[in-house]
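Single-letter residue listing:
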Amino acid sequence: MQEWTALALDTAKARGASFADARVVDLRLRDLSTKNGEVGTLAENESLGLGIRALADGCWGFASSDVLTREGVQACAAQAVAIARASAMAKRADAAMVPEQAYVDTWQNPYVKDPFQIPLERQLDLLLAADGEMRRVKGLTLAETSMHFTRLEQWYASTLGSRIHQLKVQSGAGIVATSFANDEIQKRSYPNSFGGQHQLAGYELVEELDLKGNAQRVAEEALALHKAGQCPQDERTVILESSQLGLQIHESIGHPIELDRVLGMEANFAGMSFLTLDKLGKLRYASDIVNVVADARLEHGPGLGTFGYDDEGVPGKRTDIITGGLFTGYLSNRETASTIGLDRSGGTMRAESWNRLPIIRMTNISLLPGTWRYEDLIADTDDAILMETNRSWSIDDRRYHFQFSTEIGWEIKGGKKTRMLKNPSYSGITTEFWNSCDAICSRDYWTLWGTPNCGKGQPMQTMGTGHGAAPARFRKVRVGMAFAK
Amino acid sequence: MSPARTSAKRRPSRVPRRPAAGAAVAEVHLPSDGELRRLAERVLKLSDADETEVHIDFVADALTRFANNTIHQNVAEQAMSVSVRTVFDGRTARATTNKTDDDSLRRAVAASAALARSQPKNPDLLPMPGPQKYAKVERYVPGTAGATPEDRAVAVSRVTELADQNRQTAAGIFSTGASVTAVVNSKGLFASYRQSRAEFSVSILEADSSGWAKASAADASQIDTEALAERASQKAVASRHPKEVEPGRWTVILEPAAVLDLVGFLFYDFAATAVLDQRSCFNNRMGKQVMGENVTLHDDVTHALQLGPPFDGEGMPRQTVLLVDRGVPRNLVYARSTAKKMKAKPTGHGLPLPNQDGEAPFNLVFAGGNTPLETMIATTDRGVLLTRLWYIREVDPYEKVLTGMTRDGSFLVENGKISAGIRNFRFNQNILEMLSNVGQMSPAVRASGEEAFDMVVPAMKVRDFHFTEVTKF
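Going down the list, the protein sequences come from chains A and B.
Residue 273 in the working numbering sits at position 273 of the first sequence, with consecutive numbering throughout.
Residue 682 in the working numbering sits at position 197 of the second sequence, with consecutive numbering throughout.
Simulated from the structure, these hints should not be mistaken for lab results.
Please read all numbers here as calculations on a predicted model, not as lab measurements.
Treat the hints with care, since some could be wrong.
Said to hold, decoys possible - Listed next, the in silico BS3-like pairs over lysine-lysine satisfying Cα-Cα at most 27 Å (straight line):
#, chain 1, residue 1, chain 2, residue 2
1, B, K672, B, K606
2, B, K606, A, K35
3, A, K168, A, K91
4, A, K212, A, K35
5, B, K902, A, K138
6, A, K138, A, K91
7, A, K485, B, K728
8, B, K672, B, K830
9, B, K957, A, K476
10, A, K279, B, K672
11, B, K618, B, K902
12, B, K957, B, K728
13, B, K672, B, K902
14, A, K422, A, K35
15, A, K212, B, K606
16, A, K485, A, K279
17, B, K773, B, K728
18, A, K138, B, K826
19, B, K957, A, K282
20, B, K618, A, K485
21, A, K212, A, K485
22, B, K828, B, K902
23, B, K584, A, K168
24, A, K35, B, K826
25, A, K485, A, K422
26, B, K606, B, K826
27, B, K830, A, K35
28, A, K485, B, K621
29, A, K416, A, K476
30, A, K35, B, K825
31, A, K138, A, K13
32, A, K279, B, K957
33, A, K35, B, K828
34, A, K227, A, K413
35, A, K476, A, K417
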């Protein structure tokens, strides 16, 4: 495939591009789902094409095509340059980038079992077995299961001389039990909402999740929620389990640290950020036990934000985002790093596929583990609400004010987990919330969750991001406003 | 609304000239019906299934994105996909490729067959439909399909120039393009549709305020980009120095984009499958007065302000369906198999098979009123005017409580006039309750937002809209 990237780069240079990079992407997807004992979705999708980004007259152009012929690739590259020249019609300054070296490399994530080699019958049998277990619980109105697999092979080349081949295999699976009774809908998901858990891993991830073994429990919990007490409207101590905390990190740390948002490039759609440049190194983002990193390296784990190189040829790296509670880093690319005076890119340019322009995206934005045993954290808490598994999420366009609700809650009284609560929700202001964190569980309770559906950009791109978290405690949090009358 | 105009002194135009020579680049060639038929025939010949269906989709889109008064991203995309659904003895599955050589098509057919054969028999699967007749809709404008990056850059430059003149900052998009979609099956069904589409969205920013406007149409010439930018600019001026007002129950005037993004969350509740699965808010509520008598809602693909194909994922003709009649939900939309299960007639709203969601209405049309937005403001003693909503999510699926934020132009209305910009609110609002509290409505227009697909909706004045908290800007 690198002959196509080379042809694209040669064409762009011949047309006057001062820099260009090209990606050929071969993407394969498999989706399976069941509903109430019947197969729902059963589909495979393959897509192969080329995208080229060109800098000409100091401005950017991007074009993509699935016509992988000599003429098709040349036309696509020429179009990228022509678009860049059109961009120059409204130019204020030439685009500038921090330096990067050339890499010739190949990288792939480790996995044990290729999910595309596992017989479909076996995958369906597993889903139908979990589906059946949920439906054994009398009164359940809807049992749903799903699996999703992605194989993304990419050939990247740039006029700097980089030639990088990467292969990423991603797996995900989950189940959902929904109950309609007494004019109320309640649901429980396992191991998480958003289709369950997703990682850069093979089919071994699905087997480890034990969907069938958890099916009956989640179905029973969905039904039990109808009889549970309503989450109070109050100010309380809140303990968030790790998947909900992962989404809290995503929305209230991951997005506001994106430099394109900070610099106004996303103002029309995704919004901007409260983390203006004057706050770097000065803002007390969180309490001093909070340490957050952006880490795309394999040693961080098999997250959806793990890769060898980003989509502008920068090696995956770690950036300290919050250090001892202090705001210390943004997510950057070569251009925004130059804008704010950094030496090098943070390596966060990612594109959904060949037909999308790489933009700044989260990698793995993780809260580093604390020191608490989970059992000790509960025992140490007099009066709190434990919230599990996201149900709804919303945050303003500068990422100050958020509101989350979860599928289930539990009252903590006198150091013990007591009665179940339905419709739990909490809300707050980002920095006030993170500064109220006074306990984080240790690595034994830390999970690298995958968020497969992060939307950003115009045209919209969906990207997977990783978020490591362990259960944590927050004081004086407003709860119950979502259901306030 | 009539916020104060900016007083910034106008400077000379810096609208650029087009480049002298166009480069030899990829030109858009939309496949003709003949080419679609020939491609589908190649697939059908490769299949030994009991029945075979082919979906062909072609898209050629371009999008110019601007921020900080300059173009910072500028992209173009051209892609074709061929999706094959095979049926073997009551089992069906789909495989999709974007490659049209014989080997790739053969592989897609084989993948579809392997997926289909791997599963238990589906007792609800119906034989594929034969040839159908469709409503004629014309939504293809060659000038929009063939718009160039220079065309978009000229329009964007005028907007950034306006922002410069006003000492404001502009950000937004201008996209143009065209698409073709076809459904063909081995029973002789052939359905095809082509449309062009343009979309322009602009945010105008000031130090502590912002305004926004957006429009979409099949014909780019129907979008007045400068007027939209002017409107967003005026909103940014009028919302300067926002003050904080207390949350609670407010009379709210929702501009059409805000209405769209809220009521768009109802669309899947009208799916018969959602009712069958007991996850629709209309379970136990069909035929009951759950909204105000001034709320009537159709799904109508033939409406002059609507876009989209007049057939569904199986190639069935989309019918016009009265969903809500004077506040009473009367009808649902049905795919063929859902209709059979529920002893109803299919309405042509099925999603491509196989799927677990059934169907959905994608062409919602609200019956509007006759109260101009200005009159709504003039007749409000104390209320809030909202331009746009953001990050709306469902809190309670049956009570249909939605949460979200206001954004880019929130105003206090006092004594019939806009008196100030206000800090943005978080709302937690029951949508059925909101649609029971509609006092005034403007004529319905084609509206474009961010959370829901475009639809035809009015502006609304609503009593007791529930704001629960306030953010910091």
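Among the hints numbered above, which are violated by the structure, and what are their numbers in rising order?
3, 5, 6, 10, 11, 13, 16, 17, 20, 21, 22, 28 and 31
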